[in-house]
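Peer 1: From first to last, the protein sequence lines stand for chains D and E.
Numbering follows this note's numbering, in which position 1 of the first sequence is assigned residue number 1; successive positions increment by one, without gaps.
Numbering follows this note's numbering, in which position 147 of the second sequence is assigned residue number 147; successive positions increment by one, without gaps.
Heads up, some of the hints might be wrong.
[Claimed, not checked] Partial pick of chain D residues on the chain E-facing surface, computed with a CB cut under 10 Å: (1) Gly102; (2) Ala152; (3) Asp153; (4) Arg167; (5) Asn170; (6) Tyr215; (7) Asp258; (8) Val261; (9) Ile278; (10) Val282.
[What the hints assert, rightly or not] Pulled from the structure, derived: some chain D residues nowhere near chain E, Cβ distances all over 12 Å: (11) Lys243; (12) Ala264; (13) Ser300; (14) Glu320; (15) Glu346; (16) Glu354; (17) Pro371; (18) Ala374; (19) Arg381; (20) Asn458; (21) Val469.
In case anyone wonders, no lab produced these hints; they're calculated from the structure.
In this text, all values refer to a predicted model and were calculated from it rather than measured experimentally.
Positions of the beta carbon are idealized from the N, C-alpha and C atoms, including for glycine.
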Amino acid sequence: MDHERATQGIGDKALDGRLSRRRLLRLFAAGAAVPAMSLLAACGEASVGESGGSSGGQAAPTATTAGSGASSGGSPAASPTSQGGTSPSGPVRIGVILPLSGVAASVGADEKVAVELAVKIVNEETPDLALPLAATAGLPNLGGATVELVFADSQGKAEVGQSEAERLINQENVIALFGCYQSAVTKTASAVAERAGIPFMNGDSSSPALTESGYQWFFRTSPHDGDFSKAIMAFIRAMADEKGADVSTVSLLYEDTDFGVNSAKALTDEAEAHGLQIVGEVKYKANTTALTSEVQALRSQGADVLCPASYTNDAILTIETARQQGYLPKMIVAQDAGYTDPAFIEGVGAAFAEGIASRSAFSIDITEIKPAAAKVNEMYREMAGKDMYDGPARCFTAMIVLLDAINRAGSTEPDAIREALEATDLGADDTIMPWQGVRFDEKHQNILGGGIIVQIQNGEYRTVYPFEVATVEPSYPLQPWDQRGA
Amino acid sequence: MTTATARPIRAIPRSWIALGVLALALLALPLVLRSDSRLNIAILVLVYAALAQAWNILGGFAGQISLGNAAFFGIGAYTSTVLLSRWEVTPWLGMLAGALVAAIFAVIIGYPVFRLGGHYFAIATIALAEIVYTIFNDWEWVGGATGMLIPFARDIETGRPTNSLYYLQFNLGKAPYFYIALALVVLVTVVTVIVDRSKLGYYLRAIKNDQDAARALGVHVLRYKLIAIAISAAFSAVIGTFYAQYLLYIDPETTMRLELSVLIALVAILGGVGTVAGPLVGAAVLIPAAELTRQQLGGSGNAIDLILYGALIVLISIFQPNGLMGLVQRLRHRGGPRPTATPTEQQATAREEAPMLGGYEEERG
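Chain E on its own, in the form it takes in the complex:
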């Protein structure tokens, strides 16, 4: 998406090379990091990158700010875990089942909720996610507030936890988890790129910019919004299954709390809403910041890590209201001559580039 109109012939190969280098670097990361705890942070970055990317399809392209995506995440985690612990179904199938359940659920709730506009949609998603949270918290059959422990796949001879592809458990090192998470991020990103370039992407952007105009032009607004939320929910659920298998314990608090929904949106927004790379950049900055400050300072018990983390978020929002991708773009432009376009042109490009939160922009200014 960054390949601008200027130099198509040179720009494309260059970005492909960059992508190739990045892919190689990521594939080699477990060898470089060596320690499972550092790999743990890398996996968390990938998990949140994928979640934010899934959010981005709904919140970024379609402009429907959801603060309830943790519900889809949780549904995915619970579907596979229930299938596994009740009927020994492999989490790989559970993953697909979870995606299906979450997508159906998303469409069912999307149908009435999409009639709400702007802020009311965001509020409705909060309420719905809280309802889902409460239901799971009270639902004894799925463990209620006690949650569900996923038993270890153990070596029959030694009794030690071991690796099992069938049970999607890798207890002898985190590299397999890393590669699966990486594959999920690539998958979601590829889908995002496809959406970005397809008719669907144009429809969604049209809906974001002006819903009524889009409808007047013959775009079936509700249908495309439902498609967007179904895709978003399905991928969130897939990651939910992965996360459940990673933690080996789920409860509503861990998988569905409001804070998680906010964090997902925060990663995408601070990274750069509506851009393909934004959620990835956001996760790569925010998650290590949270983890590393806590690791270094959390043990002292004076919560300085949380203050610093909060300060970082405030600083990004002040200096980069369009997210970290805005910074990347600015650095890129700094090399060339300053654009000297007329105000009207500037306005036009600004509108085109500003992938922000639909109608929220004006109120924030």
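Just chain D, same shape as in the assembly:
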């Protein structure tokens, strides 16, 4: 209003023009607000419907998925499990925090489908699948109780992860938390779980600090950066020793967040241990719009091997810039993340992704060796419209491990679940991963996991190392950019 008054004084002409413009703006805004409101209402309704009437006691229409619920798929298929608010025989609720918006949203969405699939397999009878809890419906030791996931969006921010963890525990009454992809988010969210004394299961964050901080409620099924970096350097060493590759020097390119920095640290240690020389490190700002000078620096270092650590967008930009500048090392062995996201192959084009290798915990060709993995991937493809890859596979596995422990605990008491988790002893055939199994050490880190190296060949991720589980021979060296058919 001060504004209005001020303009009134200037003169009638100005006043007229001003008011009509304001009126226009107002009309426009009102027009925009109405669909926004109806959208809000529609969304609220949709998610209430999805949660199968669970909103009886609580007025919190979150996007919960009961039973067989891909949010896109037919959700009413699951039995409506009439839970009278406080009745103890209600579904087992687990809170899942993932980056559903922000730069990692694509991975977050895929991981969401993966954990939904894990829950679907547990909730429904899936007799022809040799995984824990698949054959039965629900959790047999809890009277066949079904599992319900409550999803929350971290936006990839640590403080949002904390807020959402708080809400899931206090308002959604989840008995365990799961997530959160980015290590920084996992740190704050797992601190909330530690404070509340409920189990936190992680399958996809690789910062070693997570299991080093002495938390009593945090469990991780995946190898961390240290293990993964060992696999990368061992692969490069083996290429030199056994496959006659002429490689001895390494350049590191990494983004400046927790993930990139930790990865570089671990790679530096492991390079030394494997007799490889790091000739240069280039750190860049995550989610950058240009990597020109960084790639120039890499070219001037002239190392045989490039080890990049980046999320998807940066990974695509790296390869595009390298192509434009004609920078080509003999090998590229990446630190997972963006380089194992199928969107990376799409982004740079299969021809230019050819030959790039990355560490991973999962590769789609594992389905050729493990029938369970093939079946799970088939089901995943039905829900997500694409093959499983590293992140979703790790989340799927972690969710199965958590649910298996809850079932063995035979109770939803936190202490019982923790004891069951600590007693976890799954064999190689109980997971879809190329692991020996799942068993936690005293820090709650899985000691039977391990990393593999995948290489993009003919537009697909193929396992090339360790050589004994490889499905194809590694190709060496990288083909010059201009000799590749686009």
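Chain D is already provided as a structure; the job is to place chain E on it using the hints.
Peer 2: Chain E in isolation, oriented as in the chain D frame:
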């Protein structure tokens, strides 16, 4: 500040009563909310209210739009956390140390930067905050990009996280955090009121309205700007310490990113720049809006919550260019007869009331 000249005798007691009721309501809030997650939102509101209020002293009264206040916030968080994790210094002392470090830092950077006027000052603060961010991101000694985890204060017998006044950690319920945050907001607000009514406040407003005129009248422009930025930085740092102890994990991304600086300014601007209540109102509207839309809709993964939140900001900026306090004032005026003053008088009151962003007003119109 709302007690106008009209009815001083009745207006003052009424506002005191309102304040008393508000204070009681706030004190009872943890009992009403009961759930820690709802209390979490209340604490976030208080944190951003305090941050916006601290920003307001520099950006509102002195008219120096800073888009780098997250740097002060981060310095506060880091100072206390480093002292705690290296030398076991209680965060209460760390809080004061952080305030001191941030204030000194603010004065050192303020000295050259205040020579820049208008937009250039804002740009310089962005650049400086990014420099600070980058330094902390690369500084191994303070954890670099990995950040620093603050270990739990644990019960010696059970090993469970527990409450500890010395370590400023309350793991058995969030009510203590709420009351500390509330005390911080009251503290910053009281300081703001004091600044508002003191000579300093008049000097700062004079600087905002016309720096050269103020200088011609003998106001030591640079000195008062430096005082304003030092106060602003010190309080931002105090809140930074509190926030670090609340999250128990800090990294440059969480405490210093540009988005945070923008959010601090946004809360104050949408609330009502240069008014005492504006930042508080802004935080009370914006933060729950962001939290609640995300809670209700974020899990679906289609980012509708962010669209709605953005729409809210756009709507406020269209209808209330002077912030939500403008709305409050308008509602108050609606009761009485419409003012029928002459244009010159209107202009005068408008200039007096418009607590906007100094020279920015004309360009926006």
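Peer 1: All the hints need checking, so say for each whether the structure fits it.
Peer 2: A quick look at each hint next to the structure:
For Gly102/D, the shortest C-beta to C-beta distance to chain E is roughly 9 Å, which falls under 10 Å, so the interface hint holds. A least Cβ separation of about 5 Å between Ala152/D and chain E falls short of the 10 Å threshold, and the interface hint therefore holds. Below 10 Å, beta-carbon pairs count as interface contacts, and Asp153/D has one with chain E at about 3 Å; its hint therefore holds. A cut of 10 Å between beta carbons decides the hint on Arg167/D: the least distance to chain E is about 4 Å, and the hint holds.
This hint holds: Asn170/D has a C-beta 4 Å from the nearest C-beta of chain E, less than the 10 Å allowed. Given hint, Tyr215/D at the interface with chain E, holds; its Cβ is 8 Å from that chain's nearest Cβ, closer than 10 Å. For Asp258/D, the shortest C-beta to C-beta distance to chain E is roughly 5 Å, which falls under 10 Å, so the interface hint holds. The interface hint given for Val261/D holds, since its Cβ lies 4 Å from the closest Cβ of chain E, which is under the 10 Å cut-off.
Using the Cβ-Cβ criterion of 10 Å, the hint placing Ile278/D at the interface with chain E is not satisfied: the shortest such distance is roughly 17 Å. At about 13 Å, the closest approach between the beta carbon of Val282/D and any beta carbon in chain E exceeds 10 Å, and the interface hint on this residue is violated. The claim that Lys243/D lies off the interface holds: its Cβ sits roughly 35 Å from the closest Cβ of chain E, which is beyond the 12 Å cut-off. With a minimum CB-CB distance of about 10 Å to chain E, Ala264/D fails to clear the 12 Å threshold, and the non-interface call is violated.
Here Ser300/D stays apart from chain E, with its beta-carbon at least about 21 Å from theirs, past the 12 Å limit. At the 12 Å boundary, the C-beta of Glu320/D stays outside the reach of chain E, the nearest C-beta of that chain being 25 Å off. Every beta carbon of chain E lies more than 12 Å from that of Glu346/D, the smallest distance being close to 20 Å; the non-interface claim holds. For Glu354/D, the shortest C-beta to C-beta distance to chain E comes to about 32 Å, beyond the 12 Å cut-off, and the non-interface label holds.
Every beta carbon of chain E lies more than 12 Å from that of Pro371/D, the smallest distance being close to 31 Å; the non-interface claim holds. Distance check on Ala374/D: its Cβ is at least 27 Å (rounded) from any Cβ of chain E, clearing the 12 Å threshold; non-interface status holds. At roughly 19 Å, the least C-beta separation between Arg381/D and chain E is larger than 12 Å, which holds for a residue marked as non-interface. Interface exclusion of Asn458/D from chain E stands, the closest Cβ pair being 32 Å apart, more than 12 Å.
At roughly 32 Å from the closest C-beta of chain E, the C-beta of Val469/D stays outside 12 Å, upholding its exclusion from the interface.
When each numbered hint is compared with the structure, violations occur for hints 9, 10 and 12.
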